[in-house]
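S.K.: Residue numbers (full-length UniProt numbering): 1 to 414.
I should point out that these hints are in silico values taken from the structure, not numbers from a laboratory.
Since this is a predicted model, take the numbers as computed values, not measurements.
Where hints are given, some of them may not hold.
Derived SDA-like pairs: lysine to any residue, alpha-carbon spacing no greater than 25 Å straight-line [to be verified]:
{"#": "1", "residue 1": "LYS277", "residue 2": "LEU378"}
{"#": "2", "residue 1": "LYS144", "residue 2": "ASP172"}
{"#": "3", "residue 1": "LYS144", "residue 2": "LYS52"}
{"#": "4", "residue 1": "LYS52", "residue 2": "GLY111"}
{"#": "5", "residue 1": "LYS277", "residue 2": "LYS144"}
{"#": "6", "residue 1": "LYS52", "residue 2": "ALA42"}
{"#": "7", "residue 1": "LYS52", "residue 2": "HIS81"}
{"#": "8", "residue 1": "LYS390", "residue 2": "GLU23"}
{"#": "9", "residue 1": "LYS52", "residue 2": "LEU2"}
{"#": "10", "residue 1": "LYS144", "residue 2": "GLU23"}
{"#": "11", "residue 1": "LYS277", "residue 2": "GLY296"}
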Amino acid sequence: MLPLLFSVATDSYNLAVRELREEFGRDLGIERVSGDLGRIVADAPPIVELAKACDVGRIMFVRHLTQEIATFPPDDIPPAHELADLVLAELPRHPNALAVQTWTDGAGTGGSFYHLLADALGERGVEVTRSGQDVVVSCFISRKTVILGVNLLDYSLSDWPGGRMRLARSDDRVSRSEFKLEEAIQTFHLALTPGEPHSPAGHPTPGDPPPGGVPSPGGHSSPGGVPSRGELPSAGWRPSPGGPSSPGALHSPGGRLSPGGPGERPSTGGFLAPGGKALDLGASPGGWTRILREYGQEVWSVDPGALDARLAGDRGIHHVPTTAGRFFHDNRVRFDVVVNDMRMDQVMSARVMLDAVPHLRRGALAIVTLKGGGRNPLDSARRGIELLAKEYAVLHARQLHHNRRELTVIAHLP
Numbered sequence: 001m002l003p004l005l006f007s008v009a010t011d012s013y014n015l016a017v018r019e020l021r022e023e024f025g026r027d028l029g030i031e032r033v034s035g036d037l038g039r040i041v042a043d044a045p046p047i048v049e050l051a052k053a054c055d056v057g058r059i060m061f062v063r064h065l066t067q068e069i070a071t072f073p074p075d076d077i078p079p080a081h082e083l084a085d086l087v088l089a090e091l092p093r094h095p096n097a098l099a100v101q102t103w104t105d106g107a108g109t110g111g112s113f114y115h116l117l118a119d120a121l122g123e124r125g126v127e128v129t130r131s132g133q134d135v136v137v138s139c140f141i142s143r144k145t146v147i148l149g150v151n152l153l154d155y156s157l158s159d160w161p162g163g164r165m166r167l168a169r170s171d172d173r174v175s176r177s178e179f180k181l182e183e184a185i186q187t188f189h190l191a192l193t194p195g196e197p198h199s200p201a202g203h204p205t206p207g208d209p210p211p212g213g214v215p216s217p218g219g220h221s222s223p224g225g226v227p228s229r230g231e232l233p234s235a236g237w238r239p240s241p242g243g244p245s246s247p248g249a250l251h252s253p254g255g256r257l258s259p260g261g262p263g264e265r266p267s268t269g270g271f272l273a274p275g276g277k278a279l280d281l282g283a284s285p286g287g288w289t290r291i292l293r294e295y296g297q298e299v300w301s302v303d304p305g306a307l308d309a310r311l312a313g314d315r316g317i318h319h320v321p322t323t324a325g326r327f328f329h330d331n332r333v334r335f336d337v338v339v340n341d342m343r344m345d346q347v348m349s350a351r352v353m354l355d356a357v358p359h360l361r362r363g364a365l366a367i368v369t370l371k372g373g374g375r376n377p378l379d380s381a382r383r384g385i386e387l388l389a390k391e392y393a394v395l396h397a398r399q400l401h402h403n404r405r406e407l408t409v410i411a412h413l414p
C-alpha cells in the first residue's frame, strides 16, 4: 500500500490526526511532513474509503489527498524524463491529459517543478493543465524533500494544489468572507447549472491570475472552475465502472474507482438553482449576499447592521434590519437557500439554523460556518453538527482553505 498524503491547516494538524485514528484505528501510522502536510505510513486505508470519510464529514480537518509515489532529496532530483516515467507507470493506461499541481511548505507555488513535469509529460504526448482533469499529479516541495503523488480528482477533495484555493480579488468585493462561500460553492459543486461564464466575485477567470501571480487552474470561467462530478472531461483517462484493470497507484484495494466522487448528493435539493430565494442570516456588510446574487438568488439579508452601499441599488436584495429571531417571527416567505456566517459558537449557530427550518422549502440548501476556538474545537463542532442533523441531512463538513478557526457545513432539508 502506498503512503497517503493529507493536507490540513497548520493549526489543525493534531485535530486531523485524531479524526483519522478515530475513524481508521489507533494503529494508523502517521508522520508530519511539514506544517500543513501529513503522511499515513502504516495501516493506511484505501484512498476511496478515506476520501469518502472526508467527503461526508466524518473527517473534517483534512482538505486534500494524494497517494505518494516517490520522494527525493531536493539536491538529488532525477532527470525530468524519469519523473514523467514514474508518473505514467502508476496509471492503468497512457492518459491523453492530466493535471499537475505543485506547492511548497511556504508561500511559493513550486512553479519550476510544474514546468519541469509539464514539459516532460508533454514530450510523451500528454496534455498538461493545472486542473480539470480526471488524474492529478501532485508535487510538494520543501527544503528537505520533494514528494510526488498521484490521485483521481474525485478522491482528491480539492482541485487545487494541497487544497490551497486561491481566488482572484474582485473590485466589487464587499468582504473577505466572500471567499469562504465561493470556495464552498466550488469545492462541493453547489451550483446546479453553471450558465454562461460570468466571472462572479472571486472566480478564477481566463488569463487573470489570482494574487501573487498564481495562474488560475485551468483558466475555467464557469462557477466552480472545474467540471462537476460525473461530468469530467473526456480527454483524460477515465476509470471504468468496475475499477482499473492493471497495476498502479490508482488501484485502491477495497474500493471501486468510478466517476462521481466518493459521496453522492441526494437527487432532490442541496443546490443553488438560479431564480431561488435565499436567506442570509447575519448578512452585514453583505459579502455572502453579493455572492448569492451572482448565482442568481433573490436574497433576504437579515442583520441589524448596514449593507455595503454598493448593494443598495440591487432590487434583488431585501435588507431586513433586525435580528434573526424577530425576522422569523414576522416572515411569511419560504426559502430555497439559507446561509449563516454569524460570529457565535457552534451550538448557537446550529440552533439558529433549526429556527430557520419552518421557513424553508423541502430540499432547501443550507450553508453554515461553525466557529472554532475553545479547548476542544473538534468535539464542539461535532455537537453543532449533531444538532443540525436533527432537522437537516448533513452532506459535507470541512475546514476549507479560506476558513480560519471554523468549519463549513453543507446540508439540505429532506
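S.K.: Hint by hint, say whether it matches the structure.
M.R.: Quick rundown of the hints versus the structure:
| no. | hint | in the structure |
| --- | --- | --- |
| 1 | LYS277 to LEU378 | violated (32 Å) |
| 2 | LYS144 to ASP172 | violated (41 Å) |
| 3 | LYS144 to LYS52 | violated (31 Å) |
| 4 | LYS52 to GLY111 | violated (30 Å) |
| 5 | LYS277 to LYS144 | violated (51 Å) |
| 6 | LYS52 to ALA42 | holds (19 Å) |
| 7 | LYS52 to HIS81 | violated (34 Å) |
| 8 | LYS390 to GLU23 | holds (22 Å) |
| 9 | LYS52 to LEU2 | holds (18 Å) |
| 10 | LYS144 to GLU23 | violated (30 Å) |
| 11 | LYS277 to GLY296 | holds (9 Å) |
Hint compliance for this structure: hints 1, 2, 3, 4, 5, 7 and 10 are broken, all remaining hints hold.
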